[in-house]
Structure formats: C-alpha cells, structure tokens
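Here the working numbering is used: position 93 in the sequence shown is 93, and no number is missing along the way.
Bear in mind the hints are in silico, worked out from the structure with no lab data behind them.
Mixed in with the good hints, there may be bad ones.
Pairs of lysine-lysine residues, derived as PhoX-like cross-links and limited to a Cα-Cα distance of at most 25 Å, are as follows [said to hold, decoys possible]:
1) 65 to 32
2) 170 to 133
3) 123 to 149
4) 166 to 149
5) 32 to 133
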Amino acid sequence: MTILQDDYNTQRPILGISEYGRHVQEYIEHIKSLPSKEERTSWVHNLAGIMATLNPDIKLQVNYKEILWGHIFHMADYDLDVDCPYKIVQVKQEFKRPEHLGYNASGIRFRFYGRNLQMMIDKAGEMEDGELKQDLVNMIASFMYNSCKAWNNENLSNEVIAEHLKTLSKGQLKIEGSELVVSADTTLNVRQPLPQKTNNFGRNNNNKNKNNKNRGKNFRRF
1 MTILQDDYNT QRPILGISEY GRHVQEYIEH IKSLPSKEER TSWVHNLAGI MATLNPDIKL
61 QVNYKEILWG HIFHMADYDL DVDCPYKIVQ VKQEFKRPEH LGYNASGIRF RFYGRNLQMM
121 IDKAGEMEDG ELKQDLVNMI ASFMYNSCKA WNNENLSNEV IAEHLKTLSK GQLKIEGSEL
181 VVSADTTLNV RQPLPQKTNN FGRNNNNKNK NNKNRGKNFR RF
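All chains should be built: construct the whole structure from the sequences, respecting the hints.
So this is what it looks like as structure tokens:
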C-alpha cells in the first residue's frame, strides 16, 4: 500500500540553496526538530557526507567540510543548535552559493531519475541500518516518485520504487514497499508532450491554386 504525504507550498520551507533540492532542505528541517543536541550533531555530520556525495567537485577544496557545514547552517537560516567543529559566520549578503552540482560521467539505468539519485543510493548503501538510513531512503524514494511523475506523468507504487532501489543499489537496499514513506510533491509541473504540427503548407497551396483558377474564370476582357 502506498503511503503518501501531500505537501503544499504554504506548508513547505523556502529553499535556502536550491542547488541541493527540496529534500535536503526538508532533511535539515527534520534535524532541527530532533530533541537531543547530540543526535542533531550526528545527523548533520551524516548530511554533510551526503551533500559531499551529491556535489563531489567540492572535495577538491581543502576546506570542503567547513564549506558544507556553512551551507547547512545557511539552509537552516542559522537556527541550528549543534556542536559545530567550525566557526560559522552569519553573513548572508556575502554568502557564496555552490557551483552547479557535479555529475558522474557513467550511464544511468533509469534516465528520468537523473544522475544525482545514483550517488544518493550509493551513500545510503554504505550507511548502517537505523533510523537515519531509513529517513534517507524515504527521501530517495520521494525523489524517485516525484521525478517519474514530472517526466513520465506516472504514479509509481511503493513496490515498484522498492524494486528500483534494489536494482540501482545492486541488492544493497532491500526494503519492502510497505516500509517506505513517500512524500508527493503537489507543485510539480508535469512535462507535457509537444503539440503535433499540422501540415498547413499544402493546404494553403491548394487554396492558392483554387483562387488562381477562379480568378481566371472571372477575368473579363474589354
């Protein structure tokens, strides 16, 4: 049975850095709601690792971990009570957004999911079983559902998503469809097929020929 949680614009947080996507933003909002500071800190460490996987080019920078923590704090609107290993300066006006997320050059199995999905799945496969991993898997499943809806106008069932997860993770992510909690994005712009062009050229030429013939019949000499 598919479990859907519909999200509406009025209920959703504004994206702090759109390059990371809405699901990362929602992940941060969930971290902020955790009661334990120790738990919140642990989740942020894991999230930084996920973001580094999504944006592998950032690892070329010596202080990339500090940059990622800065991105997380910015997306949290600097309202995040954790034990941060770096000094985060709140200067929103001078905040530098990350470069466009890097993409792996390898092929992808399901093209409508995009390349970032495979990196997220690989990261989830490396994590130990637990609530954090399940939360990430749910985030990935939501991404898969919404991507397929946007590109194919098709509602994937939880069972199909679970099967795709198993395939893309090469058997590392074995989960039942009933265990997934999928968040449906109700604001998606579904990709519409291009309208077929009508061949008016031939029709216009026929009309012109008929007009020319009629013109010849009606022409009178004086």
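Structure-based check of each hint:
1. 65 to 32: 20 Å, holds
2. 170 to 133: 17 Å, holds
3. 123 to 149: The hint holds at about 24 Å.
4. 166 to 149: 20 Å, holds
5. 32 to 133: 17 Å, holds
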